[in-house]
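Colleague: Sequence:
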Amino acid sequence: MHNHDILIRLRYALDIKNKDMVEIFKLGEIEVTMEEVMQMLTKPKDDYYDEYEEYDDLDEADDGVNCNNMMLESFLNGLIIFKRGRQEPKPDQPQSQAPAVKHKESVNNILLKKLKIALSLTSEDMIDILEEAGVMITKGELSAILRKVGHRNYKECGDRYARNFLKGLTLRYRG
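Counting in this note's numbering, the final residue of the sequence shown is number 181, and the numbers go up one at a time with none missing.
No lab work stands behind these hints: they were computed from the structure. Please note that a few of the clues may not be correct.
[As the list claims (entries may be wrong)] Per label pair, the in silico range of CB-to-CB distance:
hint : residue 1 : residue 2 : range
1    : E41       : T144      : 40 to 48 Å
2    : G146      : L177      : 18 to 26 Å
3    : K23       : G146      : 19 to 27 Å
4    : D26       : K49       : 19 to 27 Å
5    : G140      : D98       : 43 to 51 Å
6    : R92       : G140      : 35 to 43 Å
7    : D26       : Q93       : 31 to 39 Å
8    : K145      : E37       : 33 to 41 Å
9    : L47       : K161      : 29 to 37 Å
Only a predicted model underlies this, so the values are computations on that prediction, with no experimental measurement involved. Cβ coordinates follow ideal geometry from the N, Cα and C atoms, glycine included.
Required output: the full structure, derived from the provided sequences and hints.
Modeller: Structure below.
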């Protein structure tokens, strides 16, 4: 699943207005205009992205604004602040965190982790959301998906889980 697909599905599932999208990006420390948000939320005319392994390397001039991994992560961080409020850092914590998305494979894992935080979901809530979308997952599998990349029990989250989680959010919040 590409980053623009994630943004489109997430915006629809949570019924986020265009004005709020700009605000969420700003909270995630990225300045975008309303026009840039609209370009990110528009599916490309040609679905030629499948030919490329790295979506981030595509030329932005053809289809407007490219939502790369850094922008998506900033949006998700902004969504956490938008939904839960800004948390003051502890004295021993750095002011800003290093990007969590190190490579394309971890995007779906980061998506689920950050949505869990933003929407104040428990593991049981996440399992229920996936079940609403028709996907059965055990608590152990979900725990493996939510772990850090280097952990011995870490499991990469495939597009199936991410897509169905967003579908389940749509059913829960808009159904």
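Colleague: Would you list, in rising numerical order, the hints stated earlier that this structure does not obey?
Modeller: Of the numbered hints given earlier, those the structure breaks are 3, 7, listed in rising order.
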